[in-house]
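Chain by chain, the residues:
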Amino acid sequence: EPEVTQTPSHQVTQMGQEVILRCVPISNHLYFYWYRQILGQKVEFLVSFYNNEISEKSEIFDDQFSVERPDGSNFTLKIRSTKLEDSAMYFCASSENGVFPSEQYFGPGTRLTVT
Amino acid sequence: GQQVMQIPQYQHVQEGEDFTTYCNSSTTLSNIQWYKQRPGGHPVFLIQLVKSGEVKKQKRLTFQFGEAKKNSSLHITATQTTDVGTYFCAGRGSNYQLIWGAGTKLIIKP
Chain A
7 EPEVTQTPSH QVTQMGQEVI LRCVPISNHL YFYWYRQILG QKVEFLVSFY
57 NNEISEKSEI FDDQFSVERP DGSNFTLKIR STKLEDSAMY FCASSENGVF
107 PSEQYFGPGT RLTVT
Chain B
1238 GQQVMQIPQY QHVQEGEDFT TYCNSSTTLS NIQWYKQRPG GHPVFLIQLV
1288 KSGEVKKQKR LTFQFGEAKK NSSLHITATQ TTDVGTYFCA GRGSNYQLIW
1338 GAGTKLIIKP
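Heads up: the sequence lines are chains A and B, in that order.
Letter 21 of the first sequence, counting from 1, is numbered 27 in the working numbering, and no numbers are missing.
Letter 53 of the second sequence, counting from 1, is numbered 1290 in the working numbering, and no numbers are missing.
Treat the hints loosely; a few may be bogus.
[What the hints assert, rightly or not] The calculated lysine to any residue pairs, modelled on SDA-like cross-linking and capped at a C-alpha distance of 20 Å, are: (1) B:Lys1296 with B:Gly1277; (2) A:Lys48 with B:Leu1283; (3) B:Lys1273 with B:His1249; (4) A:Lys48 with B:Leu1343; (5) B:Lys1293 with B:Tyr1247; (6) B:Lys1273 with B:Ser1331; (7) A:Lys48 with B:Asp1320; (8) A:Lys48 with B:Gln1240; (9) A:Lys48 with B:Lys1293.
Derived from the structure by calculation, the hints contain no laboratory data.
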């Protein structure tokens, strides 16, 4: 069964450093998403991406965040200058379509630890 | 902004007892989705409700969408240890963004 993959599974970085989290969505999906989940808390929407551009973003997704689809398969989330409060699990998800009801398939997540 | 409130935060049940979680939105939703997250895992899609008053069943799980499309519930009959995890609702509002509830953690008492 097709699945979303994410790398790395765990990333440790120092405050102020840049990190890039990588995702490979399911191949025939058109919509891609990043979510964040601080340990034990709710899932928070960051951004959705369609047709090589951001379609929606939340208040959390400020100027330190950016997303890119550098090739036909990868979807990346970059955090320019990490802060302690960026420590969380970051999930990538993809769906076949975005407007009509469509289930989202989540990857296993990348645990980001900022020290 | 749009919010989806989910209660309770935790529910402790004996194996075999029922479990229910409720979601309420401040605005009308176009649809609502339910996800399950096992401890240490990622959210996994369970179901999607679109129509007003819709009821769907998956074995021991019953999902309802309110008539006004502002609330939803998930009921599990006769819980089993495999049901352990956090159940999230996620509603889609006017801007198509999925707004997630805070989740209800199902804990089976030993």
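### Query
Under the criterion that the straight-line Cα-Cα distance not exceed 20 Å, is the pair Lys1273 (chain B), Ser1331 (chain B) satisfied?
violated, 24 Å
### Hint consistency between Lys48 (chain A) and Leu1283 (chain B) [alpha-carbon to alpha-carbon, up to 20 Å]
holds, 17 Å
### Query
When you check the alpha-carbon spacing of Lys48 (chain A) and Lys1293 (chain B), does it fall within 20 Å?
Violated, because 25 Å separates the two Cα atoms, which is more than 20 Å.
### Query
Are the Cα positions of Lys48 (chain A) and Leu1343 (chain B) separated by 20 Å at most?
holds, 15 Å
### Message
Just to be careful, I want the Cα atoms of Lys1293 (chain B) and Tyr1247 (chain B) compared with a cutoff of 20 Å; is the pair within it?
### Response
violated, 23 Å
### Query
For the pair supplied as a hint, Lys48 (chain A) and Gln1240 (chain B), is the alpha-carbon distance within the 20 Å limit?
Since the Cα atoms of Lys48 (chain A) and Gln1240 (chain B) sit roughly 12 Å apart, the hinted pair holds (cutoff 20 Å).
### Query
Given the proposed pairing of Lys1273 (chain B) with His1249 (chain B), does the C-alpha separation stay at or below 20 Å?
holds, 16 Å
### Query
Does Lys1296 (chain B) pair with Gly1277 (chain B) here, judged by a C-alpha cut-off of 20 Å?
With Cα atoms ~25 Å apart, Lys1296 (chain B) and Gly1277 (chain B) exceed 20 Å; violated.
### Message
Would the hint linking Lys48 (chain A) and Asp1320 (chain B) be met if the CA-CA limit is 20 Å?
### Response
The given pair, whose Cα atoms are some 19 Å apart, holds under the 20 Å limit.
Violated hints, in rising order: 1, 5, 6 and 9; the structure is consistent with all others.
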